[in-house]
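> Based on these hints, arrange chain B on the given structure of chain A.
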Amino acid sequence: MGGGEKPQLIINGKRLDGRASDELRPLKIEVGAVKNAVGSAYIEWGNNKILAAVYGPKEALPKHVQDPEKAIIKCRYQMSPFSSLEDHGRTGPNRRSTEISKVTKEVFQNVMLLEQFPGAEMDLYIDVLQADGGTRAAGITAAAVAFAASGIPMTDIPFAVSVGKVGDELILDMNKIEDNYSDADMPVAISPRTGDILLLQMDGNMTKEEVRRGLEMIKKAGETISKVQREALRAPYEKTLDKYKK
Amino acid sequence: MQRIVVPGEKLTSTPVRIENTISDKNGTYTCIMGYFDEDRKSLIPLEGLWQPRSGDNVIGVIEEDKGTMYLINLKAPYKGLALAKFVDAELSAGDVVSATVKQLEKGGTVMLLKPTRLNGGKIMAVSPSRTPRIIGKGNSMLKQITEGTGTTIVIGLNGIIWLRGGKIDLATTAILKIVEEAHTTGLTERIKVLLSGNKV
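Protein chains in written order, with the numbering used here: chain A, 1 to 246; chain B, 1001 to 1200.
Extracted from the complex, chain A is given alone in its bound form:
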């Protein structure tokens, strides 16, 4: 992507927003933003603002989508019409959101214990309120917290983050401008307990060695992201615990 003049993305070893190449944007997660949902989370990752909500498990409808062996996950990723400078003006599914919904669903099919709810469905809604690059990764990170908060059994809390290439340098967690003008972009979702890769997409060209280095950067950053996810889940409970500690 990115027509026209290509801006210089790295100046004196610093990126446009002053970050180092392996530095994440500020990350904040809040649990329980949607009271009617079984589990929900709100994430602020840099300028991204995303709501994720989980409903279910309930009887899967229409009946022909039911799996008698296990539950199914339905995921709907959507960008709000006002979320971005670029034209995401029309509501409803489009090519891009259908793809992201599909890959997000597949991330969670690998960590949820779906066999416990045969014939059921779980609905995951990811709504991007404000977008600044890397929304699919932020959406997965928020959705993982929403699923954990819902109490539906899962083997791990996955996280996702992207890594990109500018010239010869790899940069972590790209924002919109970097995303548009970089040479490559690779969002990855990982299950931190096992190290399994649950999502790996790539746009552009990277060498074998660059992919290996990129994955290492992501795994290192994942420690920070996982910590924020876990703290967000614990926060409401620790608040009540602290209240009665004295």
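Treat the hints as calculated values from the structure; they're not laboratory data.
Note that the Cβ used here is the ideal one computed from N, Cα and C, for glycine as well.
Taking beta-carbon pairs under 10 Å as the criterion, some of the chain B residues facing chain A (in silico):
hint, residue
1, I1004
2, P1007
3, G1008
4, K1010
5, Y1029
6, C1031
7, Y1035
8, L1046
9, A1076
10, Y1078
11, K1079
12, S1129
13, E1181
14, H1183
15, T1184
Frame of chain A; chain B shown alone:
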């Protein structure tokens, strides 16, 4: 030593069989948010869904009278079903009933026994993971609320609670307090204060 654990967190370094966990040769990991007791190796769910077992007491609302059977909404991923030939009183759609689980059948249907109508009163829904705490050890917490408010309370393990008579608002407040503070210690004392403070 007790601690709050989140999905994927390691509980023990050896495989141990605990409910709501998975284990491999390196250890046991929790699958839900819970409160883990290191010494007793017990995992109390903080968030969770109701998993039907035979003998569970549940409360539901009759959704449909099919003539030979009743469909009962249990506010769960399972559908309640009671055969009409084992029901003494005539039930109709919209009735609130308390029943016992016979068994979970294939396809997510729960067979129910002895549905009895609960007349009047009101129902409230809480997270199913909180019902054991509301009942308490040997019914202690429930007894405390019943005695303190004079309300008749029936608790369904599926997270639906039926209340009638007495100081119904006070009973609701007490239950909501338990729901919010289920993982703290000294809760029985605080409920006692709450109930006595409004008694006079």
